[in-house]
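Turn these sequences into a full structure, and let the hints guide you.
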Amino acid sequence: MADTVLTINNIKKSYGDNLILNGLSLDVHKGEVIVIIGPSGCGKSTLLRCINALEPIQGGEIRLDGELIDGNSRNIAQIRQKIGMVFQNYELFPHKTVLQNIILAPMKVQKRSKVEVTEEAEQLLERVGLLDKKDSYPRQLSGGQKQRVAIVRALCMHPEIMLFDEVTAALDPEMVREVLDTMLELAKNGSTMLIVTHEMNFARAIADRVFFLDGGGIVEEGDPENFFTHPKTERAQNFLHTFEYESVKHHGNE
Amino acid sequence: MNWDVIVSYLPLYKDGLLITLYTGWFGILISIVLGLVTALIVHFKVPVLKTIAKIYIEILRNTPLLIQLFFIYYGIPKLFGIVTDELTCGIVGLGLLGGAYMAETFRSGIEAVDTIQMESALSLGMTRRQAMFHIILPQAVTYSVPAFVANLIFLLKETSVFSCISILELMFTAKDRIAVSSTTVESLFLVVVFYLIVLLPVSIIGSVVERRLRYASFGN
Amino acid sequence: MQALVTDLGFDVLFKGTNFTRLLGGMWVTLKISLISVALSIVLGILLGVVMTFKNPVTKAICRVYLEIVRIMPQLVLLFIVYYGSARLIGLKFEPEFAAVIVFTFWGTAEMGDLVRGALQSIPKHQYESAYSLGLNRSQTYFSIVIPQTIRRLLPLSINLVTRMIKTTPLIVMIEVVEATKVARQIIDANRVASPNAAFGLFFVIFVLYFAVCWPISLLASHLEKKWSN
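Residue numbers (the numbering used here), protein chains in the order written: chain A, 1 to 254; chain B, 1 to 220; chain C, 1 to 229.
Calculated from the structure, these hints are not laboratory results.
Since the structure is predicted, the reported quantities are computational estimates derived from the model, not experimental observations.
For glycine and all other residues, C-beta sits at the position ideal for the given N, C-alpha and C.
Keep in mind that a hint or two might mislead.
[Said to hold, decoys possible] Some but not every residue of chain C turned toward chain B, in silico, with C-beta under 8 Å: (1) Phe53; (2) Ile71; (3) Ile158; (4) Leu170; (5) Asn196; (6) Tyr209.
[Said to hold, decoys possible] The calculated DSS-like cross-link candidates involving lysine-lysine, where the alpha carbons are at most 27 Å apart (straight line), are: (7) C:Lys15 <-> B:Lys175; (8) A:Lys114 <-> A:Lys96; (9) C:Lys226 <-> B:Lys54; (10) C:Lys59 <-> C:Lys124; (11) A:Lys111 <-> A:Lys134; (12) C:Lys225 <-> B:Lys50; (13) C:Lys31 <-> C:Lys92; (14) A:Lys111 <-> A:Lys96; (15) C:Lys124 <-> B:Lys175; (16) A:Lys134 <-> A:Lys188; (17) B:Lys157 <-> C:Lys59; (18) B:Lys157 <-> C:Lys31; (19) A:Lys232 <-> A:Lys249; (20) C:Lys225 <-> B:Lys54; (21) C:Lys124 <-> B:Lys157; (22) A:Lys82 <-> A:Lys108; (23) A:Lys134 <-> A:Lys82; (24) B:Lys45 <-> C:Lys92; (25) C:Lys226 <-> B:Lys50; (26) C:Lys181 <-> C:Lys92; (27) B:Lys45 <-> C:Lys226; (28) B:Lys175 <-> C:Lys92.
Take a look at the structure:
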């Protein structure tokens with residue numbers, strides 16, 4: 001397909017004898033939102049780390065716009081500029097203000113002018129409702145605010161694809177919404193996104209395609225409506241079942 | 001306590017103070033440079049040099065400065081015929097000792113910064129060098145400050161050992177006064193006062209900087 | 001080989017009882033270190049508990065005490081106790097005794113601060129969850145707080161032992177005959193026969209100290225790593 005942004009072809013990843021990803025393949029098209037779900041330890045976070053070459057892979061290949069992603073290659077920093085990544089624990093730089101966090105990489109890495117980047121950063125902050133926090137330090141923000149700053153920081157590099165690694169897992173429940181809304185807005189504006197999450201309702205709302213990972217490979221994929229209402233495989237059925245509760249209340253009148 | 005004696009001793013102690021500060025300053029300067037280089041060698045696992053650096057750190061951290069100084073001052077000239085004056089021996093000895101302590105301080109400062117901070121910087125397209133310079137080192141410095149201040153105080157105190165190789169610093173001055181006169185109380189009083197003059201400011205400024213920097217960087 | 005031994009000044013070691021005398025000198029410093037460490041641990045634990053009190057008077061006293069120890073060179077303290085005490089309070093201490101006083105005074109402060117740090121590092125909810133399980137105060141201390149405190153404390157206090165051993169050679173300055181003093185006596189006695197004795201003897205002392213301190217440091221860092229999580 002002409003508009004394929006990311007190609008993952010038969011990759012293998014292991015830690016010693018422990019096989020994490022076993023021959024996984026996946027294509028992401030431009031403007032597409034892909035959600036990856038699966039039980040803990042199924043390798044979904046590792047997959048995102050491999051895409052950004054934070055982990056070496058032992059087999060297969062990953063390409064962005066046809067260009068091979070290899071942690072040892074000389075132009076890896078250039079490729080990483082095209083991949084935005086948001087981490088579970090925000091990973092803002094604690095010694096820099098919100099604005100400095102956002103403009104540092106565009107200025108140092110992309111050599112853009114401070115005025116231009118600051119302007120863009122402020123616009124983006126405004127969009128996520130945090131313009132008044134631009135001179136605050138990360139420690140002064142709530143978890144949800146930090147995560148929205150982290151998203152803006154990644155966006156400001158104009159990435160071709162955004163990776164989200166369980167970005168709401170460390171948040172208090174009442175802050176999950178503000179972060180997910182930000183992501184929905186990005187999706188609406190046509191961003192290409194690869195999302196690892198445990199928020200099933202959110203996955204259903206945002207995904208163009210859902211991939212269910214288990215045991216190091218893709219067990220099932222499909223459009224969200226079909227997947228969540230009629231999962232085909234037993235493993236997916238069991239997994240989705242863990243998010244439901246059976247009522248134990250005694251019905252009827254006393 | 002005889003105040004006339006104290007006043008008459010003041011110039012002697014002032015000379016001692018200057019030598020303490022002079023040797024301490026140069027010793028600490030060598031420590032910092034040596035420590036930083038050693039820490040980076042260990043952190044980046046430079047082949048061969050890394051092993052040498054580790055042996056150096058272990059040896060210097062596990063032997064007394066007094067013995068190191070005796071070895072440098074009395075032992076080495078006998079064998080190699082390199083005769084150095086006591087001041088040079090003192091500064092070199094303190095620098096070598098301090099380098100080993102500073103290396104450990106800087107190394108653990110770098111290690112205290114979470115590895116995912118490096119990954120976060122890399123994922124923004126920074127090179128390792130940019131990430132080290134903009135993200136890791138500024139945080140590492142903050143983590144290092146308490147141990148750094150402790151090292152400064154430790155090294156300044158260790159200059160008192162120089163009296164054993166006849167460097168005419170504060171401790172030697174006191175020892176000398178006690179030996180040649182019966183002014184023990186005055187001599188001890190002055191040495192305490194002069195060490196307070198050297199070390200109290202370092203201690204106070206150190207803890208203020210520690211608190212400020214910690215707050216500025218991490219807010220607690 | 002024979003020539004090399006003589007050139008490096010190691011030959012004097014094998015003359016008469018020289019090597020045993022040197023070891024005897026080492027033992028003097030080690031003995032003083034060990035006695036001081038033992039006393040410091042006992043007194044330091046008490047001090048550490050006192051330091052957690054909220055009483056402003058004890059707090060102020062502890063603070064001054066710690067600051068004195070922090071910024072006064074041990075050599076100055078040794079001189080004050082050894083030379084000063086005779087003048088100030090009319091008591092003439094044996095040099096070894098003066099050394100134990102000083103190193104205990106120093107070690108207690110260091111140990112006390114470590115104990116305080118370890119006690120305060122136990123999060124409040126550890127106490128709360130113990131109480132909520134129905135444990136009483138002493139049960140909470142003995143089965144929850146103290147075991148965790150010791151894990152934090154042990155590696156650091158082992159480090160204190162090596163620091164003590166590395167500082168005790170200073171007692172040569174108050175006329176205790178320890179290893180370096182013995183070495184200088186031997187050097188003087190063999191000035192003509194082995195002119196290089198200084199190299200050999202100080203090298204041996206250097207190695208001896210390293211042989212004592214290094215294993216202790218390794219143990220401390222091993223325990224620290226093992227218990228850090």
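What's the verdict on Lys114 of chain A and Lys96 of chain A, does the C-alpha distance respect the 27 Å limit or exceed it? holds, 15 Å
Are Phe53 of chain C and chain B close enough, Cβ to Cβ, to be under 8 Å, as the hint says? Violated, about 22 Å.
Can you verify the interface hint for Leu170 of chain C: is its Cβ closer than 8 Å to any Cβ in chain B? holds, 6 Å
Within 27 Å, alpha carbon to alpha carbon, are Lys157 of chain B and Lys31 of chain C? This hinted pair holds, its Cα atoms lying about 24 Å apart.
Against chain B, with CB atoms and a cut of 8 Å, does the hint on Ile71 of chain C hold up? holds, 4 Å
Does the structure keep Lys175 of chain B and Lys92 of chain C at a Cα separation of 27 Å or less? holds, 17 Å
Are the Cα atoms of Lys225 of chain C and Lys54 of chain B separated by 27 Å or less? Between Lys225 of chain C and Lys54 of chain B the Cα gap is close to 18 Å, so the pair holds against 27 Å.
Hinted pair Lys134 of chain A and Lys188 of chain A, Cα distance within 27 Å: holds, 25 Å
Pair hint outcome, Lys124 of chain C versus Lys175 of chain B [Cα-Cα no greater than 27 Å]: Roughly 50 Å separates the two Cα atoms, so the pair is violated.
Are the Cα atoms of Lys45 of chain B and Lys226 of chain C separated by 27 Å or less? Given pair Lys45 of chain B, Lys226 of chain C holds - Cα atoms ~23 Å apart, limit 27 Å.
Is Lys226 of chain C within 27 Å of Lys50 of chain B, Cα to Cα? OK: Lys226 of chain C and Lys50 of chain B at ~24 Å, within 27 Å.
Take a quick look at whether Lys31 of chain C and Lys92 of chain C sit within 27 Å of each other, Cα to Cα. holds, 21 Å
Hints 1, 3, 7, 15, 19, 21 and 24 from the list above are not met by this structure, while the remaining hints are.
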